[in-house]
Amino acid sequence: MENESKILDRTIIIYLETALYSKDSIFKCLYWYSDKFDIVTNTVVEKYYEIKFKPNTTTCINDNDLEKYFNDLKRDFIDFNLRDIVTKETKNIRELLIAKAFSNYEDEEITKDEI
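Heads up: the sequence shown begins at 198 in the numbering used here, then just goes up one per residue.
These are calculated hints, taken from the structure and not from any lab test. Among the clues, some could well be false.
[What the hints assert, rightly or not] Pairwise CB distance ranges, derived in the manner of DEER restraints:
(1) Ser-300 to Asn-200: 44 to 52 Å
(2) Asp-260 to Phe-224: 43 to 51 Å
(3) Tyr-230 to Lys-285: 19 to 27 Å
(4) Glu-201 to Lys-265: 13 to 21 Å
(5) Thr-208 to Arg-291: 37 to 45 Å
(6) Asn-253 to Lys-288: 30 to 38 Å
[Unchecked claim] Within a straight-line C-alpha distance of at most 30 Å, the following computed DSS-like cross-link-like pairs (lysine-lysine) qualify:
(7) Lys-251 to Lys-225
(8) Lys-249 to Lys-225
(9) Lys-220 to Lys-251
(10) Lys-265 to Lys-249
(11) Lys-285 to Lys-244
(12) Lys-251 to Lys-265
(13) Lys-203 to Lys-220
(14) Lys-233 to Lys-249
(15) Lys-233 to Lys-244
(16) Lys-203 to Lys-225
(17) Lys-220 to Lys-285
(18) Lys-203 to Lys-297
(19) Lys-271 to Lys-288
(20) Lys-249 to Lys-220
(21) Lys-265 to Lys-203
(22) Lys-288 to Lys-265
(23) Lys-225 to Lys-265
(24) Lys-220 to Lys-271
(25) Lys-225 to Lys-244
(26) Lys-244 to Lys-220
(27) Lys-249 to Lys-203
(28) Lys-265 to Lys-244
(29) Lys-251 to Lys-271
(30) Lys-249 to Lys-297
(31) Lys-265 to Lys-297
(32) Lys-297 to Lys-271
(33) Lys-203 to Lys-233
(34) Lys-225 to Lys-271
Backbone N, C-alpha and C fix where the C-beta goes; we use that ideal spot for every residue, glycine too.
Kindly produce the complete structure, drawing on both the sequences and the hints.
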(Lines of atoms letter the chains of each structure in order from A and count residues from 1; the text may use other names and numbers.)
(Lines give C-alpha, C1' and ligand atoms only; values in the text may rest on other atoms or scores of the structure.)
Protein backbone atom coordinates (compact mmCIF):
# COMPACT_ATOMS: atom_id res chain seq x y z
CA MET A 1 0.00 0.00 0.00
CA GLU A 2 1.46 3.38 -0.96
CA ASN A 3 -0.14 5.19 1.98
CA GLU A 4 1.40 3.05 4.67
CA SER A 5 3.15 4.80 7.56
CA LYS A 6 6.89 4.15 7.72
CA ILE A 7 10.35 5.40 8.58
CA LEU A 8 12.37 6.35 5.51
CA ASP A 9 15.76 8.13 5.49
CA ARG A 10 15.47 9.12 9.16
CA THR A 11 12.07 10.65 8.50
CA ILE A 12 8.87 9.35 10.05
CA ILE A 13 6.04 9.41 7.51
CA ILE A 14 2.52 9.00 8.89
CA TYR A 15 -0.66 8.73 6.80
CA LEU A 16 -3.99 9.54 8.43
CA GLU A 17 -7.38 9.24 6.75
CA THR A 18 -9.11 12.61 6.42
CA ALA A 19 -12.46 10.95 7.10
CA LEU A 20 -11.30 9.62 10.49
CA TYR A 21 -9.01 12.33 11.90
CA SER A 22 -9.96 15.96 12.48
CA LYS A 23 -7.50 18.73 11.71
CA ASP A 24 -7.90 20.00 15.27
CA SER A 25 -6.80 16.72 16.82
CA ILE A 26 -3.91 16.35 14.37
CA PHE A 27 -2.51 19.81 15.08
CA LYS A 28 -2.88 19.38 18.84
CA CYS A 29 -0.80 16.23 18.56
CA LEU A 30 1.76 17.85 16.24
CA TYR A 31 2.33 20.62 18.75
CA TRP A 32 3.73 18.14 21.30
CA TYR A 33 6.36 16.93 18.83
CA SER A 34 7.33 20.28 17.33
CA ASP A 35 10.25 20.76 19.74
CA LYS A 36 12.01 17.61 18.49
CA PHE A 37 10.96 17.42 14.84
CA ASP A 38 10.58 19.59 11.79
CA ILE A 39 7.06 18.75 10.62
CA VAL A 40 5.56 18.98 7.13
CA THR A 41 1.90 18.21 6.42
CA ASN A 42 0.31 17.50 3.04
CA THR A 43 -3.00 16.19 1.80
CA VAL A 44 -2.67 13.19 -0.49
CA VAL A 45 -5.54 12.93 -2.99
CA GLU A 46 -7.88 14.50 -0.39
CA LYS A 47 -8.18 11.11 1.28
CA TYR A 48 -5.08 11.09 3.49
CA TYR A 49 -3.01 13.54 5.44
CA GLU A 50 0.68 12.86 4.92
CA ILE A 51 2.76 14.07 7.85
CA LYS A 52 6.55 13.95 7.82
CA PHE A 53 8.66 14.20 10.96
CA LYS A 54 12.35 14.86 10.48
CA PRO A 55 14.45 15.22 13.63
CA ASN A 56 15.58 18.83 13.95
CA THR A 57 19.21 19.75 14.28
CA THR A 58 18.96 20.62 17.98
CA THR A 59 17.76 17.14 18.94
CA CYS A 60 19.92 14.04 19.04
CA ILE A 61 17.62 11.16 18.05
CA ASN A 62 19.14 7.79 17.20
CA ASP A 63 17.46 5.06 15.13
CA ASN A 64 16.08 3.25 18.20
CA ASP A 65 14.55 6.49 19.45
CA LEU A 66 13.10 7.11 16.01
CA GLU A 67 11.30 3.77 16.14
CA LYS A 68 9.96 4.62 19.61
CA TYR A 69 8.70 8.02 18.38
CA PHE A 70 7.10 6.31 15.39
CA ASN A 71 5.07 4.06 17.69
CA ASP A 72 4.29 6.91 20.09
CA LEU A 73 3.05 9.10 17.24
CA LYS A 74 0.63 6.48 15.95
CA ARG A 75 -0.77 6.01 19.47
CA ASP A 76 -0.90 9.77 20.19
CA PHE A 77 -2.82 10.55 16.99
CA ILE A 78 -5.48 8.06 18.09
CA ASP A 79 -5.46 9.50 21.61
CA PHE A 80 -5.87 13.13 20.50
CA ASN A 81 -8.55 12.17 17.98
CA LEU A 82 -10.50 10.29 20.64
CA ARG A 83 -10.22 13.27 23.01
CA ASP A 84 -11.59 15.51 20.25
CA ILE A 85 -14.54 13.14 19.67
CA VAL A 86 -15.38 12.98 23.39
CA THR A 87 -15.11 16.77 23.72
CA LYS A 88 -17.53 17.30 20.85
CA GLU A 89 -19.97 14.64 22.09
CA THR A 90 -20.06 16.01 25.64
CA LYS A 91 -20.17 19.71 24.74
CA ASN A 92 -23.90 20.07 25.53
CA ILE A 93 -23.54 18.27 28.86
CA ARG A 94 -20.64 20.53 29.93
CA GLU A 95 -22.61 23.64 28.94
CA LEU A 96 -25.64 22.43 30.92
CA LEU A 97 -23.51 21.68 33.99
CA ILE A 98 -21.91 25.11 33.87
CA ALA A 99 -25.27 26.83 33.38
CA LYS A 100 -26.75 24.84 36.28
CA ALA A 101 -23.80 25.60 38.53
CA PHE A 102 -24.25 29.35 38.13
CA SER A 103 -28.05 29.53 37.85
CA ASN A 104 -28.87 28.47 41.42
CA TYR A 105 -27.08 31.34 43.06
CA GLU A 106 -29.28 33.05 45.64
CA ASP A 107 -28.34 36.12 47.59
CA GLU A 108 -28.26 35.48 51.29
CA GLU A 109 -30.31 37.94 53.22
CA ILE A 110 -28.10 40.29 55.10
CA THR A 111 -29.51 40.96 58.54
CA LYS A 112 -29.14 44.45 59.86
CA ASP A 113 -28.57 44.46 63.55
CA GLU A 114 -28.65 47.61 65.54
CA ILE A 115 -25.46 48.17 67.38
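Hints, one by one, checked against the model:
1. Ser-300 to Asn-200: 44 to 52 Å: Hint holds: Cβ distance 50 Å, inside 44 to 52 Å.
2. Asp-260 to Phe-224: 43 to 51 Å: violated (27 Å)
3. Tyr-230 to Lys-285: 19 to 27 Å: holds (23 Å)
4. Glu-201 to Lys-265: 13 to 21 Å: Given range 13 to 21 Å: holds, Cβ gap about 19 Å.
5. Thr-208 to Arg-291: 37 to 45 Å: With a Cβ separation near 39 Å, Thr-208 and Arg-291 satisfy 37 to 45 Å, so the hint holds.
6. Asn-253 to Lys-288: 30 to 38 Å: holds (36 Å)
7. Lys-251 to Lys-225: holds (18 Å)
8. Lys-249 to Lys-225: The hint holds at about 15 Å.
9. Lys-220 to Lys-251: holds (20 Å)
10. Lys-265 to Lys-249: Answer holds: Lys-265 to Lys-249 is near 15 Å, not above 30 Å.
11. Lys-285 to Lys-244: The given pair, whose Cα atoms are some 23 Å apart, holds under the 30 Å limit.
12. Lys-251 to Lys-265: holds (14 Å)
13. Lys-203 to Lys-220: Cα-Cα ~21 Å, so holds.
14. Lys-233 to Lys-249: holds (13 Å)
15. Lys-233 to Lys-244: holds (27 Å)
16. Lys-203 to Lys-225: holds (21 Å)
17. Lys-220 to Lys-285: Given that 30 Å is the threshold and the Cα spacing comes to 14 Å, the pair holds.
18. Lys-203 to Lys-297: Outside the cut-off at roughly 49 Å; violated.
19. Lys-271 to Lys-288: The hint holds at about 26 Å.
20. Lys-249 to Lys-220: holds (15 Å)
21. Lys-265 to Lys-203: holds (12 Å)
22. Lys-288 to Lys-265: This hinted pair is violated, its Cα atoms lying about 34 Å apart.
23. Lys-225 to Lys-265: holds (20 Å)
24. Lys-220 to Lys-271: Since the Cα atoms of Lys-220 and Lys-271 sit roughly 15 Å apart, the hinted pair holds (cutoff 30 Å).
25. Lys-225 to Lys-244: holds (20 Å)
26. Lys-244 to Lys-220: Holds, at about 13 Å.
27. Lys-249 to Lys-203: holds (10 Å)
28. Lys-265 to Lys-244: holds (27 Å)
29. Lys-251 to Lys-271: Answer holds: Lys-251 to Lys-271 is near 15 Å, not above 30 Å.
30. Lys-249 to Lys-297: Not OK: Lys-249 and Lys-297 at ~45 Å, beyond 30 Å, violated.
31. Lys-265 to Lys-297: violated (45 Å)
32. Lys-297 to Lys-271: violated (39 Å)
33. Lys-203 to Lys-233: holds (18 Å)
34. Lys-225 to Lys-271: Holds, because 14 Å separates the two Cα atoms, which is no more than 30 Å.
Of the numbered hints listed earlier, those contradicted by the structure are 2, 18, 22, 30, 31, 32.
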